[in-house]
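Residue numbers (the working numbering), protein chains in the order written: chain A, 1 to 113; chain B, 1 to 123.
None of these hints come from the bench; they were simulated from the model.
Hints are supplied without guarantee of correctness; some may be wrong.
Said to hold, decoys possible - Below 30 Å or equal to it, Euclidean Cα-Cα: the simulated DSSO-like pairs (lysine-lysine) are:
#1 B:Lys43 / B:Lys65
#2 B:Lys43 / A:Lys24
#3 A:Lys109 / A:Lys45
#4 B:Lys76 / A:Lys51
#5 A:Lys36 / B:Lys76
#6 A:Lys51 / A:Lys36
#7 A:Lys45 / B:Lys43
#8 B:Lys76 / B:Lys65
#9 A:Lys113 / B:Lys76
#10 B:Lys76 / A:Lys109
#11 A:Lys36 / A:Lys24
#12 A:Lys24 / B:Lys76
#13 B:Lys65 / A:Lys24
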Amino acid sequence: DIVMTQSPDSLAVSLGERATINCKSSQSLLYSSNNKNYLAWYQQKPGQPPKLLVYWASTRESGVPDRLSGSGSGTDFTLTISGLQAEDVAVYYCQQYYSTPYTFGQGTKLEIK
Amino acid sequence: EVQLVESGGGLVQPGGSLRLSCAASGFTFSSYEMNWVRQAPGKGLEWVSYISRGGSTTYYADSVKGRFTISRDNAKNSLYLQMNSLRAEDTAVYYCAREGIRFGELIDAFDIWGQGTMVTVSS
């Protein structure tokens with residue numbers, strides 16, 4: 001199974017500043033035939049289901065603000081939130097869908113400092 | 001409106017069974033691959049099972065293999081999860097989730113989620 005490890009587990013950032021969440025996979029998520037990384041990022045607020053933010057590691061989902069961006073390739077990925085706003089307080093998860101069992105990172109809790 | 005609505009959760013004794021349902025609306029259900037994902041109270045997300053568009057291909061997490069069965073009825077726009085031999089560690093909110101399609105291409109990430117249904121396994 002592919003193990004997904006996020007860092008940090010929690011993060012406190014001041015309003016307007018940048019938040020960076022890292023995700024590392026135990027094997028490459030880059031599919032050579034199409035050159036796509038099978039990595040997604042989700043945001044989950046209390047009492048709500050997860051919301052897709054980014055897929056293919058760096059493609060922003062429709063409606064997601066452009067201050068959220070995904071990057072990385074292979075085994076190392078990053079979700080960056082620029083200009084942090086109060087509405088960004090949530091738990092963020094990375095997920096690999098390269099192979100089953102699909103696996104999620106343990107989550108990163110983002111708070112306002 | 002594109003929507004997934006789960007039902008069928010509740011309190012069940014260890015060793016018991018439950019059948020979860022997920023009703024899809026607002027999109028052509030038969031065109032999408034579907035999954036179940038669960039979240040234990042205060043914990044992270046755990047993928048449970050996958051089913052292909054026609055239902056012929058299924059995958060399971062090792063933690064539920066042999067006990068849970070995923071199925072779908074495209075005529076009824078519905079996804080199911082039959083859960084047998086339930087254990088305390090199966091206690092969680094169960095979400096159904098759709099694998100997305102963008103510009104005709106499968107993106108495989110989960111773009112639509114239901115609100116979830118709570119399953120509690122306890123005596």
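Here is how each hint holds up against the structure:
1. B:Lys43 / B:Lys65: holds (21 Å)
2. B:Lys43 / A:Lys24: The given pair, whose Cα atoms are some 19 Å apart, holds under the 30 Å limit.
3. A:Lys109 / A:Lys45: holds (10 Å)
4. B:Lys76 / A:Lys51: Since the Cα atoms of B:Lys76 and A:Lys51 sit roughly 26 Å apart, the hinted pair holds (cutoff 30 Å).
5. A:Lys36 / B:Lys76: Violated, at about 34 Å.
6. A:Lys51 / A:Lys36: holds (21 Å)
7. A:Lys45 / B:Lys43: holds (13 Å)
8. B:Lys76 / B:Lys65: At roughly 26 Å apart (the allowed maximum being 30 Å), B:Lys65 and B:Lys76 satisfy the hint.
9. A:Lys113 / B:Lys76: violated (48 Å)
10. B:Lys76 / A:Lys109: Given that 30 Å is the threshold and the Cα spacing comes to 38 Å, the pair is violated.
11. A:Lys36 / A:Lys24: Judged against 30 Å, a Cα distance of about 16 Å means the pair holds.
12. A:Lys24 / B:Lys76: Measuring from Cα to Cα gives roughly 40 Å; hence the hint is violated.
13. B:Lys65 / A:Lys24: Roughly 27 Å separates the two Cα atoms, so the pair holds.
In summary, the structure is inconsistent with hints 5, 9, 10 and 12 from the numbered list given earlier, while agreeing with the others.
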